[in-house]
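Asks: Protein sequence lines correspond, in order, to chains A and B. Here my numbering = 1-based position in the first sequence + 23. Here my numbering = 1-based position in the second sequence + 23.
By construction, these hints were calculated from the structure, which means they are not laboratory data. Treat each hint with caution, since some may be false.
Cut-off 30 Å, straight-line C-alpha distance, at most; resulting in silico cross-link-like pairs (DSS-like, lysine-lysine) [to be verified]: (1) K115(B) - K105(B); (2) K115(B) - K156(A); (3) K156(A) - K105(B); (4) K156(B) - K115(A); (5) K105(A) - K156(B); (6) K156(A) - K156(B); (7) K115(B) - K115(A).
Restraint ranges, calculated between C-beta atoms of paired labels, are given here [claimed, not checked]: (8) A169(A) - A159(B): 37 to 47 Å; (9) L191(A) - E158(B): 37 to 47 Å; (10) V66(A) - D168(B): 21 to 31 Å.
Glycine included, C-beta positions come from ideal geometry on N, C-alpha and C.
Number of protein chains: 2
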Amino acid sequence: MSLALWRSHLAGTLHRNRSLPVSRYLQLATVRANGRPANRTVVFRGFLENTNQLKFITDIRSEKIEEINFYPWGEICWYFPKTREQFRIAGKLVLVAAEDTDSALCLSRRTAWQELSEGARSQFGWPHPGADKAEAGAFDSAAPDAHEPLPNFCLLLLEPETVDLLELRGEPQNRSLYGRDGEGNWFVRSVNP
Amino acid sequence: MSLALWRSHLAGTLHRNRSLPVSRYLQLATVRANGRPANRTVVFRGFLENTNQLKFITDIRSEKIEEINFYPWGEICWYFPKTREQFRIAGKLVLVAAEDTDSALCLSRRTAWQELSEGARSQFGWPHPGADKAEAGAFDSAAPDAHEPLPNFCLLLLEPETVDLLELRGEPQNRSLYGRDGEGNWFVRSVNP
């Protein structure tokens with residue numbers, strides 16, 4: 024596969040914002056089963072090897088699982104404070120759960136688990152997210168195995184279909200829309216901000 | 024009206040993050056006419072006087088107008104880097120456009136225009152957002168009147184129905200869900216993060 028046209032710009036942006044840990048935080052919008060939008064912060068975990076798919080992680084017990092199973096489409100909004108650039112990336116969402124049968128994806132899920140800090144791994148052993156707050160002791164479980172993911176650990180992938188890049192620096196600002204032609208090749212056009 | 028239960032927490036958060044201009048930036052998710060989610064950064068412009076409604080501004084020519092007219096519901100995700108708190112606020116979206124007949128809302132729209140910088144006001148005189156990039160000269164119009172909004176200037180309001188507050192500091196993190204009872208009174212419950 025070839026790197027999508029917008030990847031080099033994003034790589035430069037990530038590099039220029041590397042001093043800010045928050046530059047790996049972005050907001051993922053999905054649609055709830057009742058048709059209303061949902062929106063939350065997630066952490067960018069890099070690209071799936073040899074693809075243009077963005078990696079995130081989530082807990083199978085979180086609300087977004089139901090939303091994605093109902094309608095597997097998302098749009099991320101990724102704002103970089105230092106360089107004042109915004110990437111809006113829309114595309115299909117793919118969940119890689121414990122029972123996934125694709126061996127390459129299973130390996131990627133396992134690798135994502137191994138790359139987590141011990142503290143982050145422990146959260147997957149906590150009581151059910153969103154349920155009435157459990158007693159403090161319920162959060163004191165032993166650290167999970169560092170190599171084998173807990174069953175409720177999921178890898179979440181976003182396969183981009185469109186990218187809307189806004190560069191706020193400049194007068195007027197630069198805005199570029201990236202899309203794919205009938206053969207899947209990426210193209211870009213400059214539009215008004 | 025009385026201040027909603029979550030307002031004092033948000034006021035404290037805004038105060039503690041006041042050194043960061045980016046703390047007034049947040050992400051607004053809506054649903055497109057084709058059912059897919061949309062997500063973009065908007066700037067918080069304070070609360071509408073004597074209400075719990077959050078104020079934003081937008082251009083009547085932007086894509087979100089069509090989305091809101093089609094389905095007037097939004098969810099904002101507002102992450103504060105300094106205090107590591109996230110507010111997810113869902114509710115009804117209300118557009119206040121030039122032809123609005125509510126005199127109080129018309130006044131609020133006019134005030135929002137007057138509070139903008141000259142540079143921000145000028146953008147409402149620029150060529151159509153999202154159209155093929157116009158020549159540089161098309162962005163050189165004279166500064167618009169500082170008192171009377173251009174016709175395409177809109178005030179956008181979010182009337183909160185639910186608030187999901189996550190405080191990442193702490194182990195485990197604190198998460199609070201705010202909602203309204205049958206009589207419209209706000210309540211809160213603590214849930215697992």
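Asks: Take the hints in turn and mark each one as holding or not.
Replies: Each hint tested on the structure:
Under the criterion of a C-alpha separation no larger than 30 Å, the hint pairing K115(B) with K105(B) is consistent with the structure, at around 28 Å. Using a Cα cut-off of 30 Å, the hinted pair K115(B) and K156(A) holds, with the two alpha carbons roughly 28 Å apart. A threshold of 30 Å between alpha carbons decides the hint, and for K156(A) with K105(B) the separation of about 25 Å falls inside it, so the pair holds. A distance of roughly 28 Å separates the Cα atoms of K156(B) and K115(A); the hinted pair therefore holds under the 30 Å criterion.
Our distance criterion of 30 Å between C-alpha atoms is met by K105(A) and K156(B), whose separation comes to about 25 Å. At most 30 Å may separate the alpha-carbon atoms for a hinted pair to count; K156(A) and K156(B) exceed this at roughly 52 Å. With a C-alpha separation of about 26 Å, the suggested pair K115(B) and K115(A) falls inside the 30 Å cut-off, and the hint holds. Our hint of 37 to 47 Å for A169(A) and A159(B) is violated, since their Cβ atoms are close to 56 Å apart.
Distance hint check: the CB atoms of L191(A) and E158(B) are about 21 Å apart, inconsistent with the given range 37 to 47 Å. Judged by the Cβ atoms, the range 21 to 31 Å given for V66(A) and D168(B) is violated: they are separated by roughly 45 Å.
Of the hints listed earlier, those the structure fails to meet are numbers 6, 8, 9 and 10, in rising order.
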